[in-house]
Amino acid sequence: MEQEQSTNSTEQRRKLLKGALAASGVVSMGYSGSALASFQCVSSTSVSPPPLQARSTPPSDSGGLRWLKVPLYAYTRDTTKTCNNGQIVSSYEYGGNIYPVLGGMQIESSSPIYMVLDTSNGSGNGSVILILNPIPSGGLCGSAISNKFVYLLAYFEQDGSYVGVYTDAAPVMSQAATGSCLTSVNPNLQTPGGSANQWIDG
Amino acid sequence: MDDRVRVRPSPAVLFWLDRYCPSVDGHFLFLDPISWQSFELTEGAVIVLREAASAIEQERFNDFLFEVREAGGWPPGLEFLVRALTELRQTNEFPFPE
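Residue numbers (our numbering), protein chains in the order written: chain A, 1 to 202; chain B, 203 to 300.
These aren't lab readings, by the way, just hints derived from the structure by calculation. Just so it is clear, the structure is predicted and the values come from calculations on it, not from any experiment. In this text, a Cβ means the ideal position worked out from N, Cα and C, and glycines have one as well. Incorrect hints may have been included.
To be verified - From the structure, some residues in chain B lie toward chain A, with a derived Cβ separation under 8 Å: (1) P235; (2) Q239; (3) E242; (4) L243; (5) I249; (6) A286.
Taking the hints into account, I'd like the entire structure generated from these sequences.
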């Protein structure tokens, strides 16, 4: 019986390996100082972010953190919907379609402004949507009320998974990405001028 | 006191993958421990690296190589990275009390 289970396990592992080999791809990024910094950054940062307010300018004392300037789209909520404290915002409406909110956000009545990455382009990169009084469970939002820029910090979990971007000072017990560490991790992030990696120093 | 020693299993290879093969935005980055060059990997490649790491740690790497051959061989660029992982095997045996 045990031998049979062991054989099955080995066969499953071999099938997994065969599939993984067939789906393997390797692209060299070369020797890059910024790439090396990325590993240190990603592996050493963590986050427990509170809801944060948007910033129109980087802080005067950034503590070495790098801020990225991105387009901001703000929406007001549909006044026919109810937004309850403690609910999770799971999606937002844009152009008549519903898009997911990456990671979800907890609604707190004391913080009426929430940010989500713009997932309507399929990547979640490049722009940020600021929701005023967000609607849980995909309720409709109103029309855009502004189109301007904000300054962002990106955060990662210790396992390297992307958490999100936030616009306030570094949260307590957390570390934001520093220096050039994000330039190779997420090269699609761009400044409004269109060229990547133009991080804004505070 | 019993002065026999045991060899502590080395977690260095899997540790390296945990720390230097992060997933970011659906992509995987890998830092070659030998050349210090970085690579972008697919999820399939990461699975192969993890299987290789487990095989290295369990001292069945030759069996793993045989399984790769049986499965159709190496895709471009991946064997080099797996070979680099083998260099992380702990070579210094250090004693600790029973």
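Hint check results:
1. The restraint placing P235 (chain B) at the interface with chain A is violated, with a minimum CB-CB distance near 11 Å, outside the 8 Å limit.
2. Taking 8 Å as the C-beta cut-off, the interface hint given for Q239 (chain B) holds, the closest approach to chain A being about 5 Å.
3. For E242 (chain B), the suggested interface contact is upheld, since its CB lies about 4 Å from the closest CB of chain A, less than 8 Å.
4. Against a cut-off of 8 Å between C-beta atoms, the interface hint on L243 (chain B) holds, since the closest Cβ of chain A lies about 6 Å away.
5. Interface hint status for I249 (chain B): upheld, as the beta-carbon distance to the closest one in chain A is roughly 4 Å, under 8 Å.
6. Evaluation of the A286 (chain B) hint against chain A yields a violated restraint, the C-beta minimum of about 12 Å exceeding 8 Å.
Of the numbered hints stated above, those contradicted by the structure are hints 1, 6, listed in ascending order.
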